[in-house]
Amino acid sequence: MEKKRIIGLFSGLVLGGSTLIVVLFLGIILWDIFSKGFPSLSWNFVSSFPTNGMTQGGILPAIIGTVLLTFITTLFSVPFGVACAIYLNEYARPNTLTNVIRASIRNLAGVPSIIYGLFGLALFVQALNFGTSILSAGLTLGLLSLPYIITTTEEALKRIPNSLREAALALGVTQFETIKDVVLPKALPGILTGVILTLSRAAGETAPILFTGVAFFINGISASPNQEFMALPYHLYMLSTQHNEIEQVRPLAYATASVLILLVFLLNIIAFYVRFKNRTQD
Amino acid sequence: MDGIKLRAENLNLYFGQKQILKNINIEFPKNQVTSLIGPSGCGKSTLLRSFNRMHDLSPDARIEGKLFLDELDLYGRKNSVTDIRKRIGMVFQKPNPLPKSIYENLSYALNIHNYPKQDIPNLIEAALRESFLWDEVKDEMKKPAVKLSGGQQQRLCIARTVVLRPEVILMDEPCSALDPISTKKIEELILKLKEDFTIVIVTHNMQQAQRISNKVAFMYLGELIEYDTSDTIFKHPNNELTQRYIGGYFG
Ligand SMILES: Nc1ncnc2c1ncn2[C@@H]1O[C@H](COP(=O)(O)OP(=O)(O)OP(=O)(O)O)[C@@H](O)[C@H]1O
Ligand SMILES: [Mg+2]
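Line by line, the protein sequences give chains U and F. Heads up: the first sequence begins at 1 in our numbering, then just goes up one per residue. Heads up: the second sequence begins at 1 in our numbering, then just goes up one per residue.
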């Protein structure tokens, strides 16, 4: 009896302690970044161009670049990813081929992002001749996101009970209509959560855009998809390691990091809200 | 064939290597209630689901033999499965309302099958009245159907089937998840529905089978053992297995 209590106490301490350590580290990182970044954060910082060799001014083009880039990534990866997941979960017969396909997709999710960058360079920039551009970079990030979107969408579809599909089919509704009108609406919150979390990860990537279109600095903002662009993660990388006046721009680097984290937080909160709203519904 | 609505001829069904239904020959009379009884796993649901082709979705299901609705070959190559399912409706063991409002649960299939827009509200009201649900839901048609009680959900599922005016309604243990009062309501409903529809119902409740059915089929290990009027099966069955099952000696 006594022994069991000690074991219980001990495991509680270990588990609770580990959690505490993780939270502590997270807290320290956030505190470090925000406390050093907040002094330089201002409306001017997020709404103006960098000036004086990036030692002053803001990060507007990097924010816009990241938003546009994520938009292209979404346009490419969401329709294809969701369609692929629907095919795998609703239409494909479970045989060796589909299992191989599924395993490959899961493995793709583990490929390092720099490899996607090189692949994007070879395929989009060179072979397809899109050049180093926001289009090439967006498509590369789209490729990186696809396996996550397929996997999370398939999980969301799997959670829909078969009894619901049978309910519609038994009324003489076709399989396509059943998926469109019953399965997808019910799976939508789960799909959206996966999509948003995937995109928030893609928005913070540096390696895949490094060779495919991101630039140190651009003069003006252009909506054209064949232009190079600035992006938050790369801007941060550049400010913190590549700049000549590294000490002088350090506060700007921290402020940029704060903006990037806030952006990703925002996406995560949206995902959390979507999931929460769905849970309270049923 | 007069008076026979639905029938199976030499029906064999396999899941992979395993034979689930063994040479079933059965005919269901029009406008009557037929109960399928038998111990768990004997193939009652499997038999029922072969009539509205629910096995089409299972890749490892294989069917031999012939099934007919009147003279329509249910597995005939040219016959549309959606038409067949519209003519042979099904109510499931667990209530499975669509994740839509009460109204949309009924209007959905009507829209899919292109019923004239202006007729739909009346059809829905009639089906809900027929299913003894109208008074309980008439003021909250926009409410999500999942918010109804289990018994109300099941009556909604019946209404959803009835509104399409099928010729046959298959019911797989429709009362097994319900309390006695909801069960009673559904039994009354079944007795009324048989005036318009042919009903085949799977049940584990012997009293229920006695109360509602005209004919009863007893199945055992994938075979049809005895098929006769409700009176014969329950009062003086011919087969020893049937006797023992009715008497409650095995389950
Ligand atoms: N999709 C399937 N794949 C493989 N085997 C199945 C499948 N569905 C049912 N079976 C098998 O078929 C047999 C008959 O199942 P069925 O559901 O028809 O029984 P039942 O008579 O309805 O039983 P219960 O009264 O418990 O509902 C069972 O042995 C079951 O394991
Ligand atoms: Mg069953």
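No wet-lab data here; the hints were simulated from the structure. Mixed in with the good hints, there may be bad ones.
Distance windows between CB atoms, simulated [stated by the list, open to error]:
1) U/174 to F/17: 26 to 32 Å
2) F/111 to U/35: 27 to 33 Å
3) F/134 to U/225: 46 to 52 Å
4) U/128 to F/56: 40 to 46 Å
5) U/118 to F/60: 56 to 62 Å
Just so we're clear, the structure is a prediction, and the values are computed from it rather than from any experiment. For each residue, glycine too, the CB sits at the ideal point set by N, CA and C.
Hints and how they fare:
1. U/174 to F/17: 26 to 32 Å: 31 Å, holds
2. F/111 to U/35: 27 to 33 Å: Distance hint for residue 111 of chain F, residue 35 of chain U is violated at roughly 59 Å.
3. F/134 to U/225: 46 to 52 Å: 57 Å, violated
4. U/128 to F/56: 40 to 46 Å: 42 Å, holds
5. U/118 to F/60: 56 to 62 Å: 43 Å, violated
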